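In case you want the letters, here they are:
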Amino acid sequence: MRTRILMVLVFAGLATVGSPTFAHHGNAAFEVGTPTVLKNAVVTEFVWINPHPLIKADYKNEKGEVQHWIMEMGSTVSAQLIGWSRTTLAPGDVVTLYVWKAKTGAFAGRFNKVDFSDGTTMRDTQTGGDDGGRADTGVRQ
Amino acid sequence: MRNHLIVVAVVSLACLATVTGRAQRPGAEGFIAEGIPKMPNPPGPAPVRDLSGVWVGPQGDKYDTPPPMTPAGDALFKTRHPYGDASRDADLGMSNDPFITCDPLGFPRNLIAHAVSGRGRMIFASAPGRTLIAYEQQRVWREVWTDGRALPKAVDVRGMPESRLYGHSVGRWEGDHTFVIDTNGLDERPWLDEEGRPRSNQARFQERYTRKDQYNLDLTVTIDDPKFYTKPWTWMRGSFYWVQGQEFAETFCIPSEGIEYRDSIAKPSGIQIR
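These protein sequence lines map, in sequence, to chains A and B. Counting in my numbering, the first sequence runs from 1 upward without gaps. Counting in my numbering, the second sequence runs from 142 upward without gaps.
Rather than coming from a laboratory, the hints here were simulated on the basis of the structure. No experiment lies behind these values; they were computed from the predicted model shown. Quick reminder that beta carbons are idealized off the backbone N, C-alpha and C, glycines included. Be aware that a few hints might be false.
To be verified - To give an idea of the interface, some chain B residues facing chain A are shown, with a C-beta separation under 7 Å as derived from the structure: (1) GLY194; (2) GLN279; (3) VAL281; (4) ALA390; (5) THR392; (6) GLU398; (7) GLY411.
As the list claims (entries may be wrong) - Coverage of chain A stretches by chain B, computed from C-beta distances (three or more under 8 Å per stretch; other residues unrestricted): (8) 33-45; (9) 92-104.
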């Protein structure tokens with residue numbers, strides 16, 4: 001009985017999904033080109049999930065208004081292969097984020113790269129020198 | 142296709158950029174870090190009869206045009222509604238792709254780069270009498286028997302094995318560097334590919350993994366499925382590379398994460414999930 005109830009709950013949960021969730025998508029929703037730069041943004045959450053990790057950050061614009069941003073990365077699998085992990089970003093980190101903004105005008109978009117306070121940079125899988133962790137990197141280039 | 146081209150273009154342009162500081166970040170997985178020995182560079186020769194280790198791919202995978210389907214194959218194909226194919230499905234929200242609801246991809250679709258979110262890792266390992274291939278996506282594995290046994294002559298009939306989502310497999314070496322896997326006995330529910338083409342419980346696949354050198358592995362997959370296709374064909378060609386650090390990630394399709402993604406970023410961004 002317990003198993004049957006569990007199955008019902010699982011299927012009910014899937015039914016609430018309604019539209020596809022684990023689907024691939026392109027970048028048509030974003031203004032791909034010159035990224036929006038969020039200087040000295042404060043990371044509020046780094047959500048390490050499939051199909052795409054999410055970066056949430058607060059950015060204070062030139063008027064002093066705080067914008068709550070959310071942006072997605074490439075696939076989690078590919079991000080791992082170029083060095084990203086669940087702990088790459090943490091709440092409170094002050095960073096500069098580059099993002100292709102959503103065409104809807106929401107403070108949302110496709111992550112491009114991040115400049116850390118120590119001067120280092122990490123890029124997204126589709127935006128920078130992605131060797132995917134090849135063992136023979138440097139051999140063929 | 143258009144999105145693939147965009148991705149390829151973006152990656153190609155991005156490759157021109159210089160990436161700095163990436164390896165210095167703490168906790169960077171998949172990179173050579175302190176304590177992990179560097180691989181010889183350039184790669185050494187392929188070891189003899191050994192694929193063991195973690196590979197990433199497929200890269201540069203190409204798919205031949207399938208032959209015409211049989212009436213049975215065509216009838217089943219027409220019930221499939223892939224996402225991202227506007228020519229077949231005007232309502233993109235009505236896809237019945239098993240991937241969307243985290244149902245098993247099954248073999249051989251689990252080999253396709255797109256199906257595993259760009260690319261995935263796999264491990265070749267061994268156990269008595271068999272080679273094991275574990276896949277990062279959903280942490281599933283296949284058993285490839287190497288003890289000389291034959292594939293089942295039939296499945297899902299009395300006295301014979303059950304069909305399986307990932308099939309029944311046997312393997313053998315041809316020479317020192319090519320491992321050949323024959324697979325049959327497939328459960329018919331998973332799709333063959335992203336388009337929703339079917340593959341039947343009468344299908345027989347052959348994978349040929351050729352280790353070119355220490356770090357590079359080529360794969361060719363052929364299919365003979367007389368129930369659904371009018372002739373055999375080479376289904377896929379691709380390559381895999383040996384990954385630094387030999388890490389193997391945990392990559393699950395989790396419905397609750399998909400829901401979070403949809404609600405927190407896809408909807409406000411106007412992303413057309415397809």
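Going through the hints against the structure:
1. The beta carbon of GLY194 (chain B) is not positioned within 7 Å of any beta carbon in chain A (closest approach about 10 Å), and the interface hint is therefore violated.
2. Given the 7 Å rule on beta carbons, the hint for GLN279 (chain B) is violated: about 10 Å separates it from the nearest Cβ of chain A.
3. Annotation: VAL281 (chain B) was flagged as interfacial toward chain A, and the flag is violated, the nearest CB pair being 14 Å apart, outside 7 Å.
4. At its closest, the beta carbon of ALA390 (chain B) sits 5 Å from a beta carbon of chain A; the interface hint therefore holds under the 7 Å criterion.
5. Evaluation of the THR392 (chain B) hint against chain A yields a held restraint, the C-beta minimum of about 5 Å falling below 7 Å.
6. At its closest, the beta carbon of GLU398 (chain B) sits 4 Å from a beta carbon of chain A; the interface hint therefore holds under the 7 Å criterion.
7. Hint on GLY411 (chain B) holds. Least Cβ distance to chain A is approximately 4 Å, under the 7 Å limit.
8. With a cut-off of 8 Å between beta carbons, the stretch 33-45 of chain A has 0 residues touching chain B; three or more are needed, and the interface restraint is violated.
9. Under the rule that three or more residues need a Cβ within less than 8 Å of chain B, the assignment of the stretch 92-104 of chain A holds, with 3 such residues.
Hints 1, 2, 3, 8, counting from the list given before, are not met by this structure.
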